[in-house]
Each structure stands twice: as structure tokens, then as C-alpha cells.
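J.: At position 184 of the sequence shown (counting the first as 1) the number is 214 in our numbering, and the numbers step up by one without a gap.
If you're looking for bench data, these hints aren't it; they were derived computationally from the structure.
Please note that the accuracy of each hint is not assured.
Below, in silico cross-link-like pairs of lysine-lysine (DSS-like), each with a Cα-Cα straight-line distance of 27 angstroms or less [what the hints assert, rightly or not]:
| hint | residue 1 | residue 2 |
| --- | --- | --- |
| 1 | K169 | K382 |
| 2 | K356 | K318 |
| 3 | K98 | K44 |
| 4 | K206 | K348 |
| 5 | K293 | K282 |
| 6 | K385 | K169 |
| 7 | K81 | K169 |
| 8 | K44 | K170 |
| 9 | K282 | K169 |
| 10 | K44 | K147 |
| 11 | K348 | K385 |
| 12 | K356 | K370 |
| 13 | K131 | K44 |
| 14 | K282 | K318 |
| 15 | K147 | K131 |
| 16 | K81 | K147 |
| 17 | K253 | K177 |
| 18 | K169 | K132 |
| 19 | K169 | K318 |
| 20 | K143 | K131 |
| 21 | K177 | K382 |
| 22 | K147 | K177 |
| 23 | K132 | K143 |
| 24 | K177 | K294 |
| 25 | K318 | K170 |
| 26 | K253 | K52 |
Distance windows between CB atoms, simulated [claimed, not checked]:
| hint | residue 1 | residue 2 | range |
| --- | --- | --- | --- |
| 27 | R244 | E292 | 29 to 37 angstroms |
| 28 | G359 | K143 | 49 to 57 angstroms |
| 29 | K318 | D195 | 35 to 43 angstroms |
| 30 | A150 | S41 | 48 to 56 angstroms |
| 31 | N154 | G100 | 13 to 21 angstroms |
| 32 | G96 | G369 | 56 to 64 angstroms |
Even for Gly, the Cβ is constructed at its ideal location relative to N, Cα and C.
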Amino acid sequence: MLNYRHMNDISRMKRVLFLASKARGMTSPNPMVGAILVKNNTVLAEAYHRKAGMPHAEALVISAAGEKAGGALLYVNLEPCCHTDKRTPPCTKAIIEAGIKKVFIGMQDPNPKVAGKGTAELHNAGIETVTGICEADAKKLNEAYIKYITTRVPFVILKTAMTIDGKIATPEGQSKWITSELSRRMVHRLRSSVDAVITAIGTVRADNPQLTARTRPQRNTPKRIIIDPGLAISPDARILQTPPETFLVIQKNSCQSAAVAEKKSLLLGRGTRFLEYEDSLHLGWLLKRLGEMEITSVLLEGGSSLNSHALEDNIVDKVMFFIAPKIIGGSDSFTAVGGKSFRRLEDAHRLKDIKVRKIGSDILVEGYIDRISANS
Numbered sequence: 031m032l033n034y035r036h037m038n039d040i041s042r043m044k045r046v047l048f049l050a051s052k053a054r055g056m057t058s059p060n061p062m063v064g065a066i067l068v069k070n071n072t073v074l075a076e077a078y079h080r081k082a083g084m085p086h087a088e089a090l091v092i093s094a095a096g097e098k099a100g101g102a103l104l105y106v107n108l109e110p111c112c113h114t115d116k117r118t119p120p121c122t123k124a125i126i127e128a129g130i131k132k133v134f135i136g137m138q139d140p141n142p143k144v145a146g147k148g149t150a151e152l153h154n155a156g157i158e159t160v161t162g163i164c165e166a167d168a169k170k171l172n173e174a175y176i177k178y179i180t181t182r183v184p185f186v187i188l189k190t191a192m193t194i195d196g197k198i199a200t201p202e203g204q205s206k207w208i209t210s211e212l213s214r215r216m217v218h219r220l221r222s223s224v225d226a227v228i229t230a231i232g233t234v235r236a237d238n239p240q241l242t243a244r245t246r247p248q249r250n251t252p253k254r255i256i257i258d259p260g261l262a263i264s265p266d267a268r269i270l271q272t273p274p275e276t277f278l279v280i281q282k283n284s285c286q287s288a289a290v291a292e293k294k295s296l297l298l299g300r301g302t303r304f305l306e307y308e309d310s311l312h313l314g315w316l317l318k319r320l321g322e323m324e325i326t327s328v329l330l331e332g333g334s335s336l337n338s339h340a341l342e343d344n345i346v347d348k349v350m351f352f353i354a355p356k357i358i359g360g361s362d363s364f365t366a367v368g369g370k371s372f373r374r375l376e377d378a379h380r381l382k383d384i385k386v387r388k389i390g391s392d393i394l395v396e397g398y399i400d401r402i403s404a405n406s
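Assemble the whole structure, with the sequences as input and the hints as a guide.
T.: Printed below as a string of C-alpha cells:
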């Protein structure tokens, strides 16, 4: 049974997680971190890390509390940093100098430069630490950071909007709008939470999208990554007219003609950037390139071909299927996932940690790719 004090610690850590989440989409490549400083059962200060390069949450609450920080309890959802290989000073030093009595930590930092070293430094300075308060929630909050910092490739969310019979477009390619306005607003918030959106030239030509995050207040707008092997995109496409950067993924050998070279030069002059591959595109290669650019999370927003390609290349971490109460029918309508069919049910992609919720008139099903079951 949880005692009162432990329940108090959980309540405070949940508040810390809420504070950290307020910076969703704003801190990359850093994690989202919140902090609360408590003394004599009174909150002295609370804060959260707002952007990479800006003060960390621990430093903010210590600065706000001033001399009162001595003997206080610090609650933080991620192990305090202890290294100097960054733009801000180590938080462990600030905690020690402030005379903090005890530190409650949601989870250990998986960054090899920290990973237990921050806690050890606090221990060596005589500061008591407790790790693992609301650990599952802390890991869920920073799931993209955890994958990126341990693999150096982005966390991948596959999002699709479909009818209840699994169709994403009519035979003519019409897909606006399958889902409700409420679902579309949620997708804009989802875009604002990631570093980049990946789509393919087929979607760009069919829908002429902007793929921006139109949220209020305006938050992060992700980079756009367009898979366009032969550089078929129109220079007037809306996605090329809107900040921030747009990257075109092209096949080197398919873009050698004078006309294509001229188009490439035109787009380069407008600020479009290019990622070139040789013979065939494996999306794992693309993720590595994006990771080198410190892109920690991506949202896949394509059609059935891109969805199947992503699943076949085993790059998807999480799926989000928005299902509208509509039926299109027909074998010639576009399905959510194309590509090859599995001949045996036991070979199908499996999901775990599934959550189902209602978004207006739609249903959102989200879950994580179960790679353990797939490999067993």
C-alpha cells in the first residue's frame, strides 16, 4: 500500500510531467523536462525547459527560489545532466551548490554521457536520490528522445486517415475530407510535436498540401521531407512555398537530364534542399540521414504505397489510425496499406500497448509495432 508521503511524491511528479509536456515539439534534440522545488510542503518554484540552448528546468527553479533552495526537495522527470558537452552548464553542479536535500527523478537519462553518472555525482555530494517515480509516464513523454539518443535515428509515427472499411481515397484519388475537423485539428497538433513530416510525390501531386502545423498559439512547424525519385514536383507546389525547409529525396541516376538539372538548380535557388540516393531507396537509410541532421522524430503522412514501404523497411515505431464512420467500398479504392500481402496471419504486423479513443465522430486507434512478437 502507498503511504501518504509516497502519494504526495507521485502527485508532484505528475505535475512535473505536465509542466514538461508544455514544451512538446519545442525542445528537440533535447528532451522535455519539468521541475518542481518543494520545502516544508510548500512549492517554492516550478518550471520547464523551453528550448534547446535555453536554461534547463532544474536551473530555472533553483534560480527562482534563490537562497530558499537550501534544504529543499527537487522533483524532475529526467536524471539531471552532468556533462559539459552542450550549451548550458551541468544541472548537477547547480543542485549541489544550491544545497538541495533530496532529488526525486522520474527516469534515468539514456544518454551515455549521463546514464547514472548524474545520480552518482549527487550521491557523492551527499544528496539523496530516488529514481523511478512515474517512470512509465516519464518514458512515454520522451519516447522520441529515448530512441534518438540511443540509436541516432528518429522516432517514427505512421499516421493515416481512413474509412471504417479501410479506404483512404476513392478510385479517383479523392481524400478530402475523410475524417472530421476535430481529427484534422489533432493532426495539426501532432505535426507541431515532431521535427519533420515525410510524404511522397504521389500525395503532393494529388492533394497539393502544405503539411504545416496550424495551431493556436503557433508552435513548432516541422520540416517537410518529400520522396520524389525523379524530381517530378512542380516548382509551384504549395509545400515548396511555405517555411520551414523542404527536403526532396531524389534518385541520383534519375535526375541527370538537362531539364531536371535546370529544375533542381531553380529549386536550390529558392532554398529547397536535396537528399540523393543511388539505386533504390531503403527508408532506413533516410532515417540515418535525418538523424545526422538532429531530427529526432518524424510523422509519416503518405498514401498506401509509402505506408507499406515504411512497414516493410521496419522503420515504424508507432501507428495512429483515424477511422471515420464512412464506407467507400470497392476493390479499386485505395487502401490504407498497399504493397505485398501476408499469406499467413501469424506474419502480420502486430501492435501492442493499444489505445482507442473517440475524436468527435471519428475513432483513433494508436499503438506500437510489436517487434518482439514479429521476431519470435
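J.: Decide, hint by hint, whether the structure agrees.
T.: Now for the hints, and whether the structure bears them out:
no. : hint                              : verdict
1   : K169 <-> K382                     : holds, 16 angstroms
2   : K356 <-> K318                     : violated, 38 angstroms
3   : K98 <-> K44                       : holds, 23 angstroms
4   : K206 <-> K348                     : holds, 24 angstroms
5   : K293 <-> K282                     : holds, 14 angstroms
6   : K385 <-> K169                     : holds, 17 angstroms
7   : K81 <-> K169                      : holds, 19 angstroms
8   : K44 <-> K170                      : holds, 13 angstroms
9   : K282 <-> K169                     : violated, 40 angstroms
10  : K44 <-> K147                      : holds, 24 angstroms
11  : K348 <-> K385                     : holds, 11 angstroms
12  : K356 <-> K370                     : holds, 25 angstroms
13  : K131 <-> K44                      : holds, 21 angstroms
14  : K282 <-> K318                     : holds, 18 angstroms
15  : K147 <-> K131                     : holds, 18 angstroms
16  : K81 <-> K147                      : holds, 23 angstroms
17  : K253 <-> K177                     : holds, 19 angstroms
18  : K169 <-> K132                     : holds, 22 angstroms
19  : K169 <-> K318                     : holds, 23 angstroms
20  : K143 <-> K131                     : holds, 24 angstroms
21  : K177 <-> K382                     : holds, 17 angstroms
22  : K147 <-> K177                     : holds, 20 angstroms
23  : K132 <-> K143                     : holds, 22 angstroms
24  : K177 <-> K294                     : violated, 34 angstroms
25  : K318 <-> K170                     : holds, 23 angstroms
26  : K253 <-> K52                      : holds, 21 angstroms
27  : R244 <-> E292: 29 to 37 angstroms : holds, 33 angstroms
28  : G359 <-> K143: 49 to 57 angstroms : holds, 55 angstroms
29  : K318 <-> D195: 35 to 43 angstroms : holds, 37 angstroms
30  : A150 <-> S41: 48 to 56 angstroms  : violated, 28 angstroms
31  : N154 <-> G100: 13 to 21 angstroms : holds, 19 angstroms
32  : G96 <-> G369: 56 to 64 angstroms  : holds, 60 angstroms
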